[in-house]
Structures are given as C-alpha cells and as structure tokens.
Amino acid sequence: MDDVNWSELERLVAHGQISRRVLLRRLLEAGGIAAVIGPGATLLAACGQSKAAGPSGPVPAGYPPINNNILGKKITLTILLAADYYNQAPFTDLYAAFQKAYPDIKLNVTNAVWEDIPTKVKTAALGGTPVDVAHQHAFVYGHIGVAEQVDDLWSQWGKVSDFLPNSLQDVTWAGHRYGIPLDVNCLFTYYNKDLFASVNAMTPTATTSYTDLGKELLKFQGKPVKAIGLSNSAWNNSGLARANGGDLLKSDEKGVQINSDKVVAALKWNSELGWKYNVGTSPAPTKRQDEPGFLFEAKQVALLFSGPWDMPDIKKSGVNFGTTELPKGLDGNTNGSVQGGGSLFVGKGSKNREAAFEFMKWAVAKPNQIRMAKEMARWPVIADLYADPASIGANDPALTPYFSQLKAAKPYKLEAFPEGDKAWSDAVASAYNGKDAQTVLNEAQTKAAAAIGG
Amino acid sequence: MILQHRPALPPAIRRHAGAYLFIGPALVLLVVFNIWPALYTAWLSLQDYGILGSNGFIGLGNYAHVLRDGLFWHSLLVTSIYTIGSAALGLAGALALAALVTRKLPFMGWFRILYFIPSVTSLFVNATIFGWLFDYNLGLFNYWLTSLHLQRAPWLQDPNWALFSVIVVGAWGGVSYNLPIYAAGLQSVNRDLYEAASLDGANGWQRFQSITLPAIAPITRYTVILAIIGSFQLIASIDALTSGGPENATLVTIKYIQLQGFEFLHFGYASAITLFLLAFLLVVTWLQLRSGRE
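Those sequence lines, one after another, are chains A and B.
Read left to right, the first sequence gives residues 17 to 470 (the numbering used here).
Read left to right, the second sequence gives residues 244 to 537 (the numbering used here).
Do not take every clue at face value.
Said to hold, decoys possible - Straight-line distance between alpha carbons at most 25 Å, and here's what the computed SDA-like set of lysine to any residue pairs gives:
(1) Lys292(A) with Arg395(B)
(2) Lys138(A) with Thr517(B)
(3) Lys138(A) with Trp286(B)
(4) Lys463(A) with Phe505(B)
(5) Lys138(A) with Arg395(B)
(6) Lys451(A) with Leu436(B)
(7) Lys463(A) with Ala492(B)
(8) Lys136(A) with Arg395(B)
Don't read these hints as lab results, they were simulated from the structure.
Sequences are here, hints too, so could you generate the full structure?
Structure below.
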C-alpha cells in the first residue's frame with residue numbers, strides 16, 4: 017500500500033480528472049482491497065461528486081487576475097501547440113500555474129510540428145470539434161474562417177497598447193483580431209568573419225546593398241566553401257523581396273503583385289547566386305529548411321539569411337560570426353524583412369472561447385514572456401520588455417541588428433491565400449532550379465490572380 | 244383476453260441470426276469507417292464544399308472541372324510513371340532476391356530476417372532516411388559521388404531527378420514486401436520440370452523463361468495489382484521527400500487531393516478527384532484481371 021501515490025490521487029479527485037472506476041482500479045492495483053476499504057474509501061466517496069463553483073487558486077505575480085466569468089466552470093480546454101514549444105519548461109510551468117488558479121479547468125495539451133498544425137486545425141474545424149487554443153499565424157485562420165474573432169475580448173482586456181505594433185499584425189485580418197501574438201522574430205544576416213577574411217571580402221553592414229554584397233560574394237567563386245547558404249522557402253524569400261521594397265500583396269491585401277519589379281529583382285539576385293554564379297548552396301527540400309543553418313555552423317558557408325532561433329546553435333558551433341540587417345535592396349535605399357513568430361487563436365465554434373482567451377492571456381504574461389526569451393530564444397511581443405534588454409537576456413550585441421531589423425519586418429500575409437502561397441512557393445523553387453525569375457513569377461502571378469485577384 | 248402473438252421473424256433471418264450476430268461488429272465497423280465515408284465523399288463531390296460547409300449543390304460541376312484540370316492529369320501521369328517504375332524495379336528486385344534466398348547459401352537465415360525490415364518500418368521513416376541519403380549538400384550518396392570525383396546529383400532538387408529518386412524509395416519497399424511472396428512461389432514450382440528441361444538441354448535462362456515465369460504468373464499478377472493500388476495510395480514518402488515538388492515533378496494524385504482538400508479547402512472538388520481516381524483504379528484492375536484470364 018506504500019506504493020499508492022495518495023497526493024496525486026487526491027489531486028486528480030479534487031480536480032475531477034479521474035473517474036470512480038479508474039480510481040477503484042488504481043487503488044486495487046496499487047494497494048489491494050486494503051487500500052479500497054481503508055484510506056481509499058474517502059477518495060472514492062469524493063470522486064465524481066459534482067462540485068459547486070470552486071474557489072480559485074493562487075495567481076502568481078505578473079499574471080492576469082482571476083476571471084470570475086470562467087471561475088468554477090467545469091471546462092476542458094483543448095490546446096494545440098507547436099512541438100518545439102509545448103513541453104518546454106515555461107509552458108509546462110504555465111499549465112500548472114493556470115490549473116492551480118482555475119482548479120475546475122482541465123488543460124488537454126497536444127502538439128504537432130509547425131507544418132502539420134494547419135491540417136490539424138482545419139480537420140478539427142471541419143469535423144465539428146474545434147481546437148480551443150491553437151498555435152500558428154492567427155491572421156491566416158481569421159481569413160479562412162477557422163478562427164474566432166475576439167475583438168470584444170480584446171476590448172474588455174484593454175491591453176492592445178502593451179503589444180509591439182508589428183506583432184499585432186499576426187492576429188489581424190481586415191481590421192479584426194483573431195488571437196493574441198505569442199512571440200516574434202524576423203530574417204536578418206549572419207556572416208562568418210573568418211571566411212570573409214579568407215577571400216579578402218568586405219563583411220556586410222547595415223547599409224550594404226544586394227549589389228555591393230553580390231560583388232563580395234563572388235570572391236568565393238572556385239573556393240571550397242560557398243559564399244551563401246541559399247533557401248527556397250517561401251517565407252524567407254518574401255523577406256528578401258521585402259528587403260528590396262517588394263510586397264507580394266497589394267496594400268489593400270485584396271490582390272497579388274507577385275511579379276512586381278522589386279520582387280523579381282530580389283528573387284533573381286538571390287537565386288542566381290546558386291545556379292548561375294555557383295557561390296550558393298543548393299537549397300534543401302521543403303522539409304529541411306534548417307539545412308543552411310547547419311552548413312553555416314559547419315563553416316561551409318560564409319553568409320546566412322536566417323532568424324534569431326539559429327543564434328544559440330551558431331554560438332555553440334564556435335563560428336566567429338557577426339550579424340547585421342538584411343541588405344538594403346539592390347540600390348541600398350530600401351529596408352525590410354519578413355516577420356515570423358506566431359500567435360495563439362481560438363478555433364471557430366469553440367464553446368470555451370473566454371476560457372481559451374484567458375489561457376492565451378496567461379501565455380503572454382510578462383513572466384512567461386521573459387522565460388520564453390531566456391530559455392527558448394523566443395522573443396517577446398510585449399513592448400516594454402525591450403526597454404531593459406538585460407531582463408530578457410537580449411543584451412548580446414549580436415542581437416542588436418535583429419531588434420533593429422524587427423522594426424521594419426512585416427508578416428508573410430500571402431500565406432492567408434493557399435493558392436497564392438503555393439504559386440509563390442513553386443515559382444521560388446523553380447527560380448532556384450535555374451528558371452528565369454521573371455518568367456516563373458509571371459506564371460505565378462497568373463495562377464494566384466485567378467484564385468485571389470490581381 | 245386475446246393473446247397477441249409477437250410478430251415472428253422471417254425464417255430466413257431466424258435461420259441465419261447467429262451468423263448475423265457474429266458478423267455484426269465487423270459489419271458495423273465496415274459501414275462506419277468505409278461505406279459511410281465513401282457515400283459521404285460521393286455527396287461532397289456534388290457540392291461546392293469549403294471549410295465552413297456547403298456553398299450549394301453543383302451537380303457534376305466538380306467532375307467537369309476534373310476533366311479540364313491540367314494539374315490533375317499531370318498528377319495521374321506522375322502516378323502512372325511512379326507505378327510502372329517502382330513496380331518494375333520492385334518486382335524484378337524481389338524476384339531476383341527470392342531466387343537467391345531460396346538457394347542454400349551461407350548467412351541466408353540472417354538475410355531472411357533483414358530483407359523484411361523495410362516492410363515493417365513506417366513508410367515515412369524509410370523515406371525520411373532516404374531524404375538524408377539523397378541530400379544534395381550533406382547526403383551519403385553525394386558524398387560517395389564526390390569521393391569518386393564525380394559531380395553531385397540533385398536527387399530531390401531537380402525535377403528530372405526527383406521522380407526517379409522517389410521511385411527508388413518505392414522500389415526499395417516493394418522488394419522487401421514482395422520478396423517472401425515470390426520466395427514462396429518459387430519453392431512451389433515442381434522441381435521435376437526443371438530436371439526434365441535440363442535433360443533436354445535447356446540453359447538457366449531458358450528454364451527461367453519457360454518454367455519459372457509461367458509458373459509464378461498468377462503471383463506476378465497479384466503483386467502487380469497490389470503494386471498499382473499501393474502506388475495510387477502513395478503519399479507518405481512524397482510528404483517526407485519532396486512534398487510534391489520540385490515544380491510538381493512528384494505531385495502524385497493523392498498528394499494533389501490533399502492539396503485541394505486540406506490546403507486549398509476545396510473539399511467538394513477533392514472528393515470528386517477521389518472518386519475519379521477510384522473509377523480509374525477499378526478500370527485498371529479489371530483490365531489487369533481480364534488480361535490474366537486471357
């Protein structure tokens with residue numbers, strides 16, 4: 017009977033997370049009949065009893081106050097988070113703290129790799145069992161009608177001004193909000209100082225243009241290492257186009273301009289570094305978009321356009337690296353990047369809309385945002401956390417260009433239009449395979465415009 | 244008081260009630276997980292059905308669209324090439340190795356264990372391993388090529404190479420799956436026929452052509468049908484290796500259905516393609532069986 021974990025069983029009974037039958041079986045398995053008629057009898061009597069609205073538990077400092085609208089309601093929240101988030105310490109601690117504060121709310125947390133979340137969210141919505149809290153880009157799901165509009169809950173909360181303005185774009189579509197931003201990142205530049213020095217090339221700076229950078233990268237022709245780790249990711253290349261002042265969507269977001277001059281020029285410059293000038297690596301297939309990062313860490317490429325998520329591994333690799341913003345376009349006069357990160361949203365039709373929103377508020381509470389930054393290198397969406405970079409572990413000078421670049425970054429909004437996203441992705445892959453950028457982008461424009469509007 | 248008789252069950256049902264009870268659970272599962280979804284798919288195919296539900300009945304509109312959809316026909320061509328390529332390589336490889344394992348050679352016991360491993364491993368896992376082997380920058384195959392002072396091959400990047408690479412992965416699984424079937428078939432061929440042919444002066448190839456191949460023809464027909472059906476259900480290795488790219492070079496029909504359904508959210512249209520594919524497969528299978536009878 018000593019094997020019975022009484023405190024665990026008491027907790028499960030108190031929270032209604034165990035049925036009487038399961039409790040009986042666990043008592044019999046662990047302690048036999050003695051456990052059932054002895055101390056287990058009290059638990060069995062308590063098990064399954066309907067409880068009145070229970071009291072709230074303690075709320076840790078820095079988290080939102082108890083929401084009385086959901087207190088005492090028996091709710092199970094289904095939460096779908098990205099696989100590289102859900103089991104990280106800031107999140108497992110968050111679940112525990114939230115459940116302590118709301119003892120009647122049970123969290124059913126599942127996970128999926130980032131690329132598989134869209135299918136899971138859509139399938140759940142189609143099957144009539146929407147996910148209560150999902151992790152992706154909320155604006156995409158707001159546009160296709162799978163996310164709940166939460167303007168009213170934002171109004172009640174009154175914290176819009178606390179967020180980085182750019183981060184709110186990840187949850188906004190057509191003027192309405194569909195979720196809460198969770199973290200942000202963007203594309204910027206890493207370079208290997210030693211490899212640049214080995215070919216007497218000048219390292220890029222915050223004012224370097226694509227044209228100037230290209231001249232330096234060509235110095236790697238015929239060398240055993242490559243100048244640049246190329247990626248044919250749709251997201252990355254939208255950022256590289258934005259650096260040249262190009263935008264894939266029209267300003268009203270109701271039409272595409274995939275083959276605009278700025279976009280064509282950026283794609284042509286980047287893709288030709290590989291197949292034409294032979295100073296770039298061959299882009300990896302879709303499932304291994306992290307490969308350029310591996311090659312940079314292995315000192316096989318001298319320059320990499322990537323995000324802050326690569327920095328911990330680059331540091332561990334021992335590369336003598338520097339960072340700067342993306343090139344300032346072909347002529348040195350434009351500034352832009354693509355904003356990544358993610359947001360949480362409530363699945364359309366969720367019966368637990370308010371409780372789900374409450375959980376999302378907890379996820380972006382300052383203590384959790386600080387832990388996400390320090391322990392996961394996922395950067396906050398709460399603006400004033402940047403006032404003291406040391407508090408979020410951001411006082412590393414290598415991060416300065418990233419934070420500067422973030423101000424000019426915008427989300428990859430074409431993702432909200434699946435046909436447009438596919439047309440752009442295919443065109444980018446074709447360009448990196450040696451097709452003429454103008455030709456493939458003209459074809460992409462035709463396909464995307466037919467589905468979205470041009 | 245007049246006693247009312249309960250209506251008696253028809254004798255046919257009474258006679259078979261026990262049998263119905265036994266098959267009942269399986270029948271329920273069949274209806275719930277196969278027949279009902281198939282009927283639902285047929286219903287969906289007649290609708291303009293998106294993520295938020297039906298936008299209305301459109302009759303055969305989706306089917307008419309399938310006929311005009313160049314990408315669908317392209318996906319069918321890709322699938323057919325994949326089917327022929329992976330079936331030919333997979334079945335030939337299986338037959339060759341089956342001939343080997345039915346001989347008394349050293350270490351055959353170990354080999355019999357090893358050859359079935361790809362079949363019991365998840366298709367996605369197999370394909371993911373091949374994905375690394377095929378990797379342009381870091382893969383083992385290109386490492387070997389460069390060690391031999393040859394150019395690296397763009398196994399998965401180039402549209403001309405990608406389908407071939409996917410076929411190799413399919414054939415790898417096909418060899419493993421079909422090998423024991425062929426091994427059993429080869430062992431059932433009457434040894435006297437070989438002896439008689441040898442006495443008549445037939446060489447090894449002649450014996451294989453005139454005795455072995457006709458004897459295992461029913462098995463080959465069966466494995467070919469399975470290979471065709473399996474090929475038309477292919478998606479795991481495509482997802483792991485290429486996601487249908489580059490430039491739709493490996494866009495097989497099931498991947499295209501997934502694209503239309505779960506990425507573009509055209510569920511009605513995806514359902515129509517599914518039923519179109521079903522009809523196509525029925526015809527191919529019927530032709531295959533018919534040719535066997537002849």
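Outcome of the hint check:
A threshold of 25 Å between alpha carbons decides the hint, and for Lys292(A) with Arg395(B) the separation of about 16 Å falls inside it, so the pair holds. For the given pair, Lys138(A) sits about 19 Å from Thr517(B) by alpha-carbon distance, which is consistent with the 25 Å threshold. For the hint linking Lys138(A) to Trp286(B), the alpha-carbon distance of about 20 Å falls within 25 Å, and the restraint holds. Of the pairs offered as hints, the one joining Lys463(A) and Phe505(B) holds, with about 19 Å between alpha carbons and a cut-off of 25 Å not exceeded.
For the given pair, Lys138(A) sits about 40 Å from Arg395(B) by alpha-carbon distance, which is inconsistent with the 25 Å threshold. Restraint check for Lys451(A) and Leu436(B): not satisfied, since their Cα atoms lie roughly 59 Å apart, outside the 25 Å limit. The straight-line distance between the Cα atoms of Lys463(A) and Ala492(B) is roughly 18 Å, inside the 25 Å bound, and the hint therefore holds. The hinted pair formed by Lys136(A) and Arg395(B) fails the criterion: a straight-line CA distance of about 37 Å is larger than 25 Å.
Figure legend: structure checked against the earlier numbered hints; hints not met, in rising order: 5, 6 and 8.
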